[in-house]
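If you want the building blocks of each chain, they are given just below.
There are 2 protein chains.
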Amino acid sequence: MKTYKAYLIDLDGTMYRGAERIEEAEHFVKRLREKGVPHLFVTNNSSKRPEQVAEKLQSMEIPADTEQVYTTSMATAQFIKAENPDAKIFAIGEEGLYDALEAEGLTLVQDDADYVIIGIDREITYEKLAKACLNVRNGARFISTNGDIAIPTERGMVPGNGAMTSVITVSTGVKPTFIGKPEAVIMDQAIKKIGFEREDVVMVGDNYHTDILAGMNAGLDTVMVFTGVTSQEQLETYEKKPTYTIPTLEHWMDRI
Amino acid sequence: MKTYKAYLIDLDGTMYRGAERIEEAEHFVKRLREKGVPHLFVTNNSSKRPEQVAEKLQSMEIPADTEQVYTTSMATAQFIKAENPDAKIFAIGEEGLYDALEAEGLTLVQDDADYVIIGIDREITYEKLAKACLNVRNGARFISTNGDIAIPTERGMVPGNGAMTSVITVSTGVKPTFIGKPEAVIMDQAIKKIGFEREDVVMVGDNYHTDILAGMNAGLDTVMVFTGVTSQEQLETYEKKPTYTIPTLEHWMDRI
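Residue numbers (the numbering used here), protein chains in the order written: chain F, 1 to 256; chain P, 1001 to 1256.
Isolated chain F (complex conformation) (with noise of 0.2 Å):
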């Protein structure tokens, strides 16, 4: 049986349920550490600055230093500061997005972007998606922090900045680089950062068509635990497997 060196983590239904504890993950992480295991938790939430997200772990007895965080935000950030670290970037969203870019030195504008980048935000206005086109029309590169549709609250399911990132999209009709899972771009950074080979990475996630795509897409080993979103039943009828299935982390244990 193989044994991986370094864990990519998804959050939200492999680690918590929203604000509800998963029990077998407080077990597992702790296994991770006590074994040495190197391991990042990647997330699609562009809105939260890497410590809240390490804080909001550890409230639930989960162990999780900052520096194991990587968000999107911060995905997006790197990803622009490699291709040109002088862009000029008119930027949407909350203060994980804002803190990553101030973090790689890269500059804010109003007009005349280089990059347009949309994530979350829910203090949107119109004057921001109507610069966001100007923009984007203008030639700006077109950047989304992620592609998901929805956000589940305790409301019911609420617009996802995938869903915000369509109104740039079909008023200007360019398509968006997304950079969060699915999408490789996110975890190539995830496991640049972790510092391991490919063949010795797994993803780990509750989601198919992000986590366990993401991780194929990025050629990794995956493994799906059916405590989130989901199901067996549902696995069923895509065609292209992950590496490996469980009904929750606790059947992992041994592998570590």
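Be a bit skeptical, because a hint or two may be false.
To be verified - Capping the alpha-carbon separation at 30 Å, the derived lysine-lysine pairs in DSS-like fashion look like this:
id	chain 1	residue 1	chain 2	residue 2
1	P	1241	P	1035
2	P	1048	P	1175
3	F	175	P	1128
4	F	56	P	1131
5	F	175	F	88
6	F	131	P	1056
7	P	1175	F	175
8	P	1056	P	1193
9	F	48	P	1131
10	F	5	F	240
11	P	1241	P	1002
12	P	1128	F	128
13	P	1048	F	128
14	P	1131	P	1048
15	F	175	P	1131
16	F	131	P	1131
17	F	5	F	35
18	F	131	P	1048
19	P	1128	F	56
20	P	1175	F	131
21	P	1088	P	1175
As the list claims (entries may be wrong) - Listed below are several chain F residues computed to face chain P (Cβ distance under 7 Å; list not exhaustive):
id	residue
22	133
23	134
24	150
25	166
26	171
Read the hints as simulated data drawn from the structure, not as lab findings. Ideal Cβ positions, reconstructed from N, Cα and C, are used throughout, including at glycine.
Once you've looked at the hints, dock chain P against the given chain F.
Using the frame of chain F, we list chain P on its own:
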């Protein structure tokens, strides 16, 4: 040569271009009035009240009564009234939409809506879009005043209602019923309002994809005028042609 008994007339590109007069429009509309030919101005603009639209025309020396303006907000309100006069409606829009719904005596609600309507709203918020999605997921019928993807402004093209509508469509997976041009809905309502048989009514406009297709979809003869969006060169690439094409409205004066 056929003489039409009633006219449906587009505004932007046909009567004016943004804030700019189209010289021939004044002469054209005055001739219709002199000859006593009934006409309605049919617009996809959902944000303005009909008296505001009439005032704009008057300010350009084009005679227009409030009763001669038919907006997509009025068409939307009348469409819903006919389906269900007791309908509870969650609406996103500007004063033109709210006034039209009130004029039909329809009831506005936040939750448990039977209908969700979206028209352009330059005061859009995430909360309004979230409520729209929650109501649509809860079974509300989804209506959009029009599918225009962009609005021309002095700054350039900014998002139109069709682009804003896509947030709800993408997030919920539910496609709306569009009311405005090129849909037949607004045309059917306008024909009913003007009170003539379809063979006696002609649609006049500059935009192939909205005005002319709307006329065709409603079974009307169409007059396309090259003073706005669609050029003669573009028209040559479209298979289905308007009944008539003219460089300016001056070329139609003998037909009135």
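Comparing the hints with the structure gives:
1. 1241(P) - 1035(P): Holds, because 28 Å separates the two Cα atoms, which is no more than 30 Å.
2. 1048(P) - 1175(P): holds (25 Å)
3. 175(F) - 1128(P): Measuring from Cα to Cα gives roughly 25 Å; hence the hint holds.
4. 56(F) - 1131(P): holds (27 Å)
5. 175(F) - 88(F): holds (20 Å)
6. 131(F) - 1056(P): Holds. Residue 131(F) to residue 1056(P) sits at ~27 Å (cutoff 30 Å).
7. 1175(P) - 175(F): Measuring from Cα to Cα gives roughly 20 Å; hence the hint holds.
8. 1056(P) - 1193(P): holds (22 Å)
9. 48(F) - 1131(P): holds (23 Å)
10. 5(F) - 240(F): holds (24 Å)
11. 1241(P) - 1002(P): holds (18 Å)
12. 1128(P) - 128(F): Within the cut-off at roughly 16 Å; holds.
13. 1048(P) - 128(F): holds (22 Å)
14. 1131(P) - 1048(P): Given that 30 Å is the threshold and the Cα spacing comes to 24 Å, the pair holds.
15. 175(F) - 1131(P): holds (26 Å)
16. 131(F) - 1131(P): holds (24 Å)
17. 5(F) - 35(F): Distance ~10 Å between residue 5(F) and residue 35(F) Cα, so the pair holds.
18. 131(F) - 1048(P): holds (23 Å)
19. 1128(P) - 56(F): holds (28 Å)
20. 1175(P) - 131(F): holds (26 Å)
21. 1088(P) - 1175(P): holds (20 Å)
22. 133: holds (6 Å)
23. 134: holds (5 Å)
24. 150: holds (5 Å)
25. 166: The hint holds - residue 166(F) has a Cβ within 7 Å of chain P, the shortest such distance being about 4 Å.
26. 171: Constraint on residue 171(F) satisfied, holds at 4 Å.
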